[in-house]
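Produce the complete structure using the sequences and hints provided.
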Amino acid sequence: MDAYLLIESAGPAGAGGDRFVGDACRLVRQGGDVTLLLTQDGVLGAVADSSPRLGDYLGAGGALWVDAFSLRRRGVAEEDVEPRARLVDMDDVAARLLRPGLRAVWH
Amino acid sequence: MVWTVPHSDVMLKILGAPHQDDLVTSALRLTRALLDQDARVQVWTCGDATRLTSAALGADKPLDPADHRARHPSTAAVIGDLLAAHPERLHWYVCRFCAADRAAPEQIPGVRTRPPSRFWEHVRATDKVLALGVC
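So the sequence lines, in the order shown, correspond to chains L and G.
Read in my numbering, the first sequence has 102 at position 102, and its numbers run on one by one without any break.
Read in my numbering, the second sequence has 66 at position 66, and its numbers run on one by one without any break.
Note that these hints are calculated values from the structure, not bench results.
Among the hints, erroneous ones may be present.
Unchecked claim - If you want the ones that stay clear, here's a sample from chain G, every Cβ over 12 Å from chain L, calculated: (1) P62; (2) P65; (3) L83.
Stated by the list, open to error - Straight-line alpha carbon distances no greater than 20 Å define the calculated EDC-like cross-link-like pairs of lysine to aspartate or glutamate that follow: (4) K128/G x D18/L; (5) K128/G x E78/L; (6) K61/G x D81/G; (7) K61/G x D21/G; (8) K128/G x D92/L; (9) K128/G x D2/L.
Claimed, not checked - Partial pick of chain G residues on the chain L-facing surface, computed with a CB cut under 10 Å: (10) M1; (11) R32; (12) A33.
Think of the CB as a built atom: it goes at the ideal place given N, C-alpha and C, for glycine as much as any other residue.
So, in C-alpha cells, the structure goes:
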C-alpha cells in the first residue's frame, strides 16, 4: 500500500487548500495509506464543521493530524477541533516522514 | 579529492518568502525533530530563504523596542548552533544564484554555497525530498 504524508499549511478559505484535501480524499479512495497534517494556518481547517471537504476525507477513512503547536499559537481550543483529529507535535511528523517508502508533499 | 554530497535521509528544500508566515519556524522545528531521531538531514535554500544564514545578520536580531535588555538570536545564529551540534548529520546549502541576487553571498561558517545546476546531485543523495513554501 502506498503511504503518503500530505501537509497543508495554508488556511481553509483558499481554493488551493480545498483541492489539496480533495487530492488526499482521492488517494484514500484509491487505497492509499494517507495522513493529512494541518499545520500553520492550515490548523484553522480543523475547527469542527469548518471544512465540508475535510468531512469527506475523514468519511473515506483518511487520518487527520493537527499540529498542536500551530493550534496553540492561534488560540484555538482543543475542544473546538474536529474530534476525529489527532493532535501531534513535530516528533510525530518526523517519525512518519522517515518511514521507508512514504511520499510527502507540503502545500 | 572531489567533494560529493553526503547522503541524507531527508532533504528539506525551503522556497518562497520565509517571513510571510510560520515557514521558518516549521522548517527549524522539523529539522530539529528529524535530528532528534538520528536522521541525516540536508537543507537546501533558494530565493529569499538564502538570507536566513547570511553572515550580515550577526548573532542577534535588532534591538527589541519593547524590552531593550532582551536579546533574541538571529536565524543565522540558530542555524549555526544546529550545525555546530550536528556536524555529521546536518548540512545546510544555499543556492549561489539566489544568494548573490539578494546581496547575501557571505554566509555563516558551516553553510556551503552551491550552484543551482548542481541541485540534482543533492536530490540523488537523499532518500526523500520535502519542498516547503511554494504552491
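Going down the list of hints, with the structure as the test:
For P62/G, the non-interface assignment is confirmed: its Cβ lies about 22 Å from the closest Cβ of chain L, beyond the 12 Å cut-off. The beta carbon of P65/G sits about 22 Å from the closest Cβ of chain L, which is more than 12 Å, so the claim that it is off the interface holds. Its beta-carbon lying about 18 Å from the closest one in chain L, L83/G satisfies the requirement of being farther than 12 Å from that chain. At roughly 25 Å between alpha-carbon atoms, K128/G and D18/L are farther apart than 20 Å, so this suggested pair is violated.
Annotation: proposed proximity of K128/G to E78/L is violated, straight-line Cα distance about 32 Å (limit 20 Å). Distance check on the hinted pair: K61/G and D81/G sit about 15 Å apart at the alpha-carbon level, within 20 Å; holds. At roughly 18 Å between alpha-carbon atoms, K61/G and D21/G fall within 20 Å of each other, so this suggested pair holds. Distance hint between K128/G and D92/L is fulfilled; the C-alpha atoms sit about 17 Å from each other, no more than 20 Å.
Distance restraint check for K128/G and D2/L: the Cα-Cα separation of roughly 15 Å lies within the 20 Å cut-off, and the hinted pair is therefore satisfied. At about 30 Å, the closest approach between the beta carbon of M1/G and any beta carbon in chain L exceeds 10 Å, and the interface hint on this residue is violated. The interface hint given for R32/G is met, as the beta carbon of that residue sits about 7 Å from the closest beta carbon of chain L, less than 10 Å. The beta carbon of A33/G is positioned within 10 Å of a beta carbon in chain L (closest approach about 4 Å), and the interface hint is therefore held.
In this structure, the hints that do not hold are numbers 4, 5 and 10, in rising order.
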